[in-house]
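These are the residues of each chain, in order.
There are 2 protein chains.
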Amino acid sequence: MLIDGERRELISARDRGLQYGDGLFETIAVRRQHTCLWPRHMARLEDGCHRLGIPMPDPERLAAEAATEVGDATQGALKLILTRGRGPRGYRVPESAVPMRVLECSPAPDFPIAWWSSGIRLRWCSTRLSINPQTAGLKHLNRLEQVLARSEWRDPAIAEGLMLDTQGRVVEGTMSNLFVMTAGRLVTPELSQCGVAGVMRALVIDTARTLGLSVSRVTLRPADLERADGLFMTNALVGIWPVRELQGRAMDPTAVPGPLLDAVREQAGFD
Amino acid sequence: MLIDGERRELISARDRGLQYGDGLFETIAVRRQHTCLWPRHMARLEDGCHRLGIPMPDPERLAAEAATEVGDATQGALKLILTRGRGPRGYRVPESAVPMRVLECSPAPDFPIAWWSSGIRLRWCSTRLSINPQTAGLKHLNRLEQVLARSEWRDPAIAEGLMLDTQGRVVEGTMSNLFVMTAGRLVTPELSQCGVAGVMRALVIDTARTLGLSVSRVTLRPADLERADGLFMTNALVGIWPVRELQGRAMDPTAVPGPLLDAVREQAGFD
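Those protein sequence lines, which keep their order, are chains A and B.
So the mapping is simple: the numbering used here equals the position in the first sequence, first residue as 1, plus 615.
So the mapping is simple: the numbering used here equals the position in the second sequence, first residue as 1, plus 615.
In case anyone wonders, no lab produced these hints; they're calculated from the structure.
Please note that a few of the clues may not be correct.
[As the list claims (entries may be wrong)] Covered stretches of chain A, going by a simulated chain B footprint (3 or more residues, C-beta under 8 angstroms):
1. 623-636
2. 718-725
[Said to hold, decoys possible] A few chain B residues facing chain A, derived, Cβ under 7 angstroms:
3. Gly632
4. Gly636
5. Arg704
6. Val717
7. Ser721
8. Ser745
9. Asn747
10. Arg758
11. Leu759
12. Gln761
13. Val762
14. Arg765
15. Thr781
Just so it is clear, CB atoms sit at the ideal spot from N, CA and C, and this is done for glycine as well.
Given these sequences and hints, build the entire structure.
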């Protein structure tokens, strides 16, 4: 682990990341010493910094630290946390605050290989995502809703849980974004009210368009998923997981177009 | 500062408090070596632990650590943070997680004395509070909305900002709860959808009832505040601040019943 460029594992208890969740993070796939989709992760981090008023660290310095932390890892997950830094008591942002960065490369999560090839089983979560356009899309450190949603099940055969917002719209999984195939068209929930705008989601949208597939950001209700030809979930570490079951209901995991799967994998550097 | 009972100031960067805001906190007034309203703070912490599924620490141990941390302080603010503890990557709560506690006694905030005697100036914040009944009322560590709201103004003459929820209802200040006096009746926003159920708010409600004052939890809109005879704000460190101005509009800071002010101050141990 690297904290502010130094090899240590402890941070100040006065850091606003702990005190208020005042910060952002990125979770980056590592393949053969390479940080996959690094420019997209940096662009999202910069957007998050801009929206929260946190100074963006020098991307070259981050890249150098990432390379140091990744070392000779052939596969892994690099987590980057950026907080607003330390401050005295109180919500007010101190002018003296210096952002704090944590980089940690962990082994890649050992999900069953069949989740990519045969699809995953999904459930509905009862924990709702709250709505706030001001923080929607951001990968910030306020993640209690995801923690509560993920604690709703222990069955290791269930890969992911789908979350609705407090108005009943389908938003995303606890750690992934959702895509829905219906009649040859691809849709994904629009995230102007809540949710995390995933880097892999953006890559899937861009890649689908390059392939001439229709893809749009829409409002989805649970019934729209039951009518779908197929679903898949995306995240920066796993890429694409087709869905073979939603809350006990069988889905067709082969509905994801093969060319899209191949192109995304290649673009992400997952080969 | 005491962390898990030891005098240190560093925590693991893998603590879920930093990673996800997975924890709770209390801010406790200190007067003459005494932690004010300690039983109420412990009751709220225990309720929060129950709702988040975090094991509640032994209250006697917490009390002993609080006494150690407070030492011979005559005035101060004791902040207690309780997180779910460390874990591997991922939202899932590890069964091995051991809660982590931070206690820090800081000097009491040096607000102008006139804020108690002559009242404070309030503004409206544009940052909204998101709605989620599952976390409403909790003093959890996901406080980005408060951070963003508090960063809306720098004028030190403005003591506090009022926040609406995403549906336009008045909820609270960035760091305090709101009470409204209208025609001799006292109301405060109900907090079933969002907001922090403050310890001082609860004391004011209980004390008002003891004094025979009518007090109820209601839904409030901004217009209700403009029609009010008077407003006041409460928090565990300051007690009660009357309001003398709301967004440039003069309010009557003497509308708070004197017997209520006196009784709350006494009950809180602020004399």
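Hint check:
Figure legend: the stretch 623-636 of chain A, annotated as covered by chain B; annotation consistent (13 residues with Cβ-Cβ distances under 8 angstroms, at least 3 required). Counting residues of the stretch 718-725 of chain A whose C-beta sits closer than 8 angstroms to any C-beta of chain B gives 3, which meets the bar of three, so the coverage hint holds. Interface hint status for B:Gly632: upheld, as the beta-carbon distance to the closest one in chain A is roughly 5 angstroms, under 7 angstroms. For B:Gly636, the interface hint holds, the least distance from its beta-carbon to any beta-carbon of chain A being 3 angstroms, beneath 7 angstroms.
Among the interface hints, the one on B:Arg704 holds; its C-beta lies about 5 angstroms from the nearest C-beta in chain A, closer than the 7 angstroms criterion. Proximity of B:Val717 to chain A holds as hinted, the smallest CB-CB distance being about 5 angstroms (cut-off 7 angstroms). Interface hint at B:Ser721: satisfied, since its Cβ lies 5 angstroms from the closest Cβ of chain A, which is below the 7 angstroms cut-off. Here the hint on B:Ser745 is kept, as its CB sits about 4 angstroms from the closest CB of chain A, short of 7 angstroms.
For B:Asn747, the suggested interface contact is upheld, since its CB lies about 4 angstroms from the closest CB of chain A, less than 7 angstroms. Using the Cβ-Cβ criterion of 7 angstroms, the hint placing B:Arg758 at the interface with chain A is satisfied: the shortest such distance is roughly 4 angstroms. The interface hint given for B:Leu759 holds, since its Cβ lies 5 angstroms from the closest Cβ of chain A, which is under the 7 angstroms cut-off. At its closest, the beta carbon of B:Gln761 sits 5 angstroms from a beta carbon of chain A; the interface hint therefore holds under the 7 angstroms criterion.
For B:Val762, the interface hint holds, the least distance from its beta-carbon to any beta-carbon of chain A being 5 angstroms, beneath 7 angstroms. Annotation: B:Arg765 was flagged as interfacial toward chain A, and the flag holds, the nearest CB pair being 4 angstroms apart, inside 7 angstroms. A distance limit of 7 angstroms between C-beta atoms decides the matter here; for B:Thr781 the minimum to chain A is near 5 angstroms, and the interface restraint holds.
Of the hints listed earlier, there is not a single one the structure fails to meet.
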